[in-house]
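Top to bottom, those sequences are chains Y and V. With the working numbering, the residue at position 331 of the first sequence is 331, and numbering never jumps. With the working numbering, the residue at position 68 of the second sequence is 409, and numbering never jumps.
Treat the hints loosely; a few may be bogus.
Stretch by stretch, here's where chain Y covers chain V in the computed footprint (C-beta under 8 Å, at least three residues) [what the hints assert, rightly or not]: (1) 380 to 390; (2) 397 to 403; (3) 551 to 561; (4) 643 to 651; (5) 694 to 706; (6) 741 to 754.
Residues of chain Y clear of chain V, computed beta-carbon distances all greater than 10 Å [stated by the list, open to error]: (7) 10; (8) 136; (9) 138; (10) 159; (11) 164; (12) 191; (13) 208; (14) 256; (15) 286; (16) 325; (17) 332.
Chain Y is faced by these chain V residues, among others (derived, beta-carbon under 10 Å) [unchecked claim]: (18) 543; (19) 591; (20) 606; (21) 610; (22) 709; (23) 713; (24) 714; (25) 715; (26) 718; (27) 721; (28) 724.
In case anyone wonders, no lab produced these hints; they're calculated from the structure. All of these numbers come straight from a predicted model, not from anything done at the bench. Here a beta-carbon is modelled for each residue, glycine too, at the ideal position from N, C-alpha and C.
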Amino acid sequence: MRIVHYVNQFFAGVGGEEAAGTTPDVREGAVGPGRALVAQLGSEYEIVATVFCGDDYAASDASATEELLELVREASPDLLVAGPAFTSGRYGLACARLAAASVRAGIPAVAAMHPENPGVEEAAPAPVIESGKIGREMRASLQRLAGAIEKLARGEELGEQDGRVGRPPRHNRLADQTAATRSVELILARLAGDRERTEVLLPSFGSVTPSAPLEHPEGATIALLTEGALVPMGNPDRLESARATRWLRYPLDGLDRLEEGEYQSVHGGFSTVAANADPHRLLPLDVARDLEREGRIGTLHHEYLTTAGNGTQVATARSFGVEWAAELRQAGVQAAILTAT
Amino acid sequence: MSATRVRDDEQGSRTGLRLLIHDVVEIGVGAQTGFAGGRLTVGEREATALFAHPSLASVRVSCCSPGESVRIIKVLDAVEPRCKGDGGDVFPGLLGTAQLRGRGETHVLRGAAVLSAGFLPRAQEAVFQMSGAGAEFSPLSGTHNVVIEFEPAPDAAWQDVAAALRLGVLRLAVHLAQAAVDAAPDSIEELEPLSSESSGLPRVAAVTNIQTQGAFKDVLVYGRSMAGSLPTWIDPCELADGAVVSAQYGHPALKNPTFVHQNNPVVAALRASDEVELAGVILCPEPVSEKEKRLVSEHAARLCAALGLDGAIVTKEGGGNADGDVALKLDALEDIGILAVGLFAEMAGRDGTAPGLVVAPARATALISTGNYDELVALGATDRALGGERLGIIDAAAADELELPIAAIYGSLNPLGWNRVTCAVEA
Numbered sequence: 001m002r003i004v005h006y007v008n009q010f011f012a013g014v015g016g017e018e019a020a021g022t023t024p025d026v027r028e029g030a031v032g033p034g035r036a037l038v039a040q041l042g043s044e045y046e047i048v049a050t051v052f053c054g055d056d057y058a059a060s061d062a063s064a065t066e067e068l069l070e071l072v073r074e075a076s077p078d079l080l081v082a083g084p085a086f087t088s089g090r091y092g093l094a095c096a097r098l099a100a101a102s103v104r105a106g107i108p109a110v111a112a113m114h115p116e117n118p119g120v121e122e123a124a125p126a127p128v129i130e131s132g133k134i135g136r137e138m139r140a141s142l143q144r145l146a147g148a149i150e151k152l153a154r155g156e157e158l159g160e161q162d163g164r165v166g167r168p169p170r171h172n173r174l175a176d177q178t179a180a181t182r183s184v185e186l187i188l189a190r191l192a193g194d195r196e197r198t199e200v201l202l203p204s205f206g207s208v209t210p211s212a213p214l215e216h217p218e219g220a221t222i223a224l225l226t227e228g229a230l231v232p233m234g235n236p237d238r239l240e241s242a243r244a245t246r247w248l249r250y251p252l253d254g255l256d257r258l259e260e261g262e263y264q265s266v267h268g269g270f271s272t273v274a275a276n277a278d279p280h281r282l283l284p285l286d287v288a289r290d291l292e293r294e295g296r297i298g299t300l301h302h303e304y305l306t307t308a309g310n311g312t313q314v315a316t317a318r319s320f321g322v323e324w325a326a327e328l329r330q331a332g333v334q335a336a337i338l339t340a341t
Numbered sequence: 342m343s344a345t346r347v348r349d350d351e352q353g354s355r356t357g358l359r360l361l362i363h364d365v366v367e368i369g370v371g372a373q374t375g376f377a378g379g380r381l382t383v384g385e386r387e388a389t390a391l392f393a394h395p396s397l398a399s400v401r402v403s404c405c406s407p408g409e410s411v412r413i414i415k416v417l418d419a420v421e422p423r424c425k426g427d428g429g430d431v432f433p434g435l436l437g438t439a440q441l442r443g444r445g446e447t448h449v450l451r452g453a454a455v456l457s458a459g460f461l462p463r464a465q466e467a468v469f470q471m472s473g474a475g476a477e478f479s480p481l482s483g484t485h486n487v488v489i490e491f492e493p494a495p496d497a498a499w500q501d502v503a504a505a506l507r508l509g510v511l512r513l514a515v516h517l518a519q520a521a522v523d524a525a526p527d528s529i530e531e532l533e534p535l536s537s538e539s540s541g542l543p544r545v546a547a548v549t550n551i552q553t554q555g556a557f558k559d560v561l562v563y564g565r566s567m568a569g570s571l572p573t574w575i576d577p578c579e580l581a582d583g584a585v586v587s588a589q590y591g592h593p594a595l596k597n598p599t600f601v602h603q604n605n606p607v608v609a610a611l612r613a614s615d616e617v618e619l620a621g622v623i624l625c626p627e628p629v630s631e632k633e634k635r636l637v638s639e640h641a642a643r644l645c646a647a648l649g650l651d652g653a654i655v656t657k658e659g660g661g662n663a664d665g666d667v668a669l670k671l672d673a674l675e676d677i678g679i680l681a682v683g684l685f686a687e688m689a690g691r692d693g694t695a696p697g698l699v700v701a702p703a704r705a706t707a708l709i710s711t712g713n714y715d716e717l718v719a720l721g722a723t724d725r726a727l728g729g730e731r732l733g734i735i736d737a738a739a740a741d742e743l744e745l746p747i748a749a750i751y752g753s754l755n756p757l758g759w760n761r762v763t764c765a766v767e768a
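Please build the complete structure, drawing on both the sequences and the hints.
Structural data, given as structure tokens:
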């Protein structure tokens, strides 16, 4: 079986954070963890090529997945294996997006990462196999992944017992009873002692620990971000007002203020009258420029990032978060003010 | 009112509400309003006159029935035609004084609805159709509908337009029901008064959250907004007489039209069960800040405890923000020993693999799914459309074949449990 393996710049041996902007590339045969993976598999399995990319490039460049998929196609594999990405968000997203694109393009794929990696939510229709949290757990992670690969090779479906994580797809259908009638049946079951019955399993969102305050804000580059859907008047790039699928960037260079009539909020979840009358209510450029002039912060990042946080699915919002973090890190930003509405 | 009192006295202490049900099987616009043999005729001039208001330039009255090739877009509200049989008004606080209702007799045109459709600011475009692919996702594809389209007066303030339209729709709902007051009802529903004595069955209430987000996203209780209020207990018979009226035009799939408050589905399901005792409805506002959401949730739980409840069914109105109101109440209730079930629509992504809830309870676990908001639905083309020429969300002609997230289908994922859509892993 011909396998193409995808890893990030670190596991490809190119470098650490300083090389996170590395563009997509390919090496013949197995590299790094790929060698250990092959050792776990039988002799009929071969890693014919290793495709890799820097984490920042993969997570923030819109064309990255397509470029990587092209490199995968050129090696004409029977299977794409991506990761393990452990808990690395950018790496996990890259693995998930490439695996999903690969399956859609007709090449079977499997990704490996920790269940809390945001990539888990983006891998469908490709399966995700659980890995450990950190690289030190590589060996056990590869063992589980090898088992899953062998099962895929036999044409079998992967399930929980193989370490498959993520939610199986759920689809709308018409029930026999209304939701109200079902709710009465459910409360009766609960009153009768059944504490397990439910139609929706609780999600686990994990939690984010805020970073420590900047020690030297006067030397830092600070970015302004908003989910308040603030865009130039007329919404030239047609940002959605609800269920946003993308985010946008607009320049702040040379701007001291956001004048009324030049910007608008297209957010569908609140009355935008006050924000349109004074766009600084969403993006505090006025006071940020004051702080910059007074030397209390270093420089303001030269553009702001915006999306509409209204009815946005959690998986999309998490991906935006990873993309923004990669984007800002690449741009040398140390801190960001994200306004929420 | 005096007639009611006399009869109540004759019947001893009975103070429930009697619904006189007239089944509507056919509908049409005609010269004069009338109801005979199940056919409801909407008098065009009489109906139009009910919308005379300085903020409305004109209205147009149309009808459509199940199976007709009609799509309705930009749906704003739906109201079931009802009127009192013995004096007094339904929709108290809007059509009459804000006095307690829910006693005596109320005539109901079952199988009919009055709808308003057209542009209002902050209204998210709601769509459904009476036949063809996708019709099955809205409960209103099964009713005979009177649809009111409107033209605002030049320079009228949008809030005044919305208020004038709302009053007109309520008046028309009453006007149509009045055509049936002399007809013998097809059936009678006695909504028994709630008992203060325990029947020995588990006592369960409907905790009904209503949206309170200002103009165009508000719900009126006896004619006023609940924004800033604490939860209150209400007799379900009051709901049946129109104590709660929607002025909320966001979230097509996730809004509770006036029709659904008149026929609160959770209340109806609790009434229909002989294993529980209906203990009334707790109406709760949905504030926007977390601090206030917590305060309202704790007060709701306290009220439920004071009512001696064993269980509560908690519902919402609106999108992800409103998940928080349900989640906090479920936890607050279960923390004090009242078992709780919550109804949620899921936002699980187009392929249904993302986590469905924006805010999930920490401890309560019994949840009902009213369907996945993000999944696409194909709608077959229709011969005609009401409510507008074009659908802005996907920039298509109103009657075209199209594909939309089910989130845009009016009433499809109704948070009060009106509909049958659910979301599940394929077997």
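request  = Please count how many residues of the region 397 to 403 of chain V have a CB within 8 Å of a CB from chain Y and say whether that reaches 3.
outcome  = Not satisfied, violated; 0 residues make the cut.
ask   = Measuring from the C-beta of residue 610 (chain V) to each C-beta in chain Y, is the shortest one below 10 Å?
value = 4 Å, holds
ask   = Per the CB criterion, is residue 713 (chain V) less than 10 Å away from chain Y?
value = 5 Å, holds
query = Within the region 694 to 706 of chain V, is the number of residues with a Cβ closer than 8 Å to a Cβ of chain Y three or more?
reply = holds (count 9)
key: 10 Å Cβ clearance of residue 136 (chain Y) from chain V   = Correct as stated: the minimum Cβ-Cβ distance to chain V is 28 Å, above 10 Å.
request  = Would you check whether the claim that residue 10 (chain Y) is not at the interface survives, using Cβ distances to chain V and the 10 Å cut-off?
outcome  = Non-interface label on residue 10 (chain Y) holds, nearest chain V Cβ at 28 Å vs cutoff 10 Å.
query = Should the hint that residue 714 (chain V) touches chain Y count as held when the rule is a Cβ pair under 10 Å?
reply = 7 Å, holds
query = Any Cβ of chain V at or closer than 10 Å to residue 256 (chain Y), or is the non-interface label fine?
reply = 31 Å, holds
query = Minimum Cβ distance from residue 721 (chain V) to chain Y below 10 Å?
reply = Interface hint status for residue 721 (chain V): violated (17 Å vs cutoff 10 Å).
ask   = If you look at each residue in the region 551 to 561 of chain V, do at least three have a Cβ nearer than 8 Å to any Cβ of chain Y?
value = It holds, with 3 qualifying residues against the three required.
ask   = Are residue 709 (chain V) and chain Y close enough, Cβ to Cβ, to be under 10 Å, as the hint says?
value = 5 Å, holds
ask   = Does the region 380 to 390 of chain V contain three or more residues whose Cβ lies closer than 8 Å to a Cβ of chain Y?
value = With 0 residues closer than 8 Å to chain Y, the region 380 to 390 of chain V misses the three-residue bar; violated.
Of the numbered hints given earlier, the model fails hints 1, 2, 4, 12, 27 and 28; all others are met.
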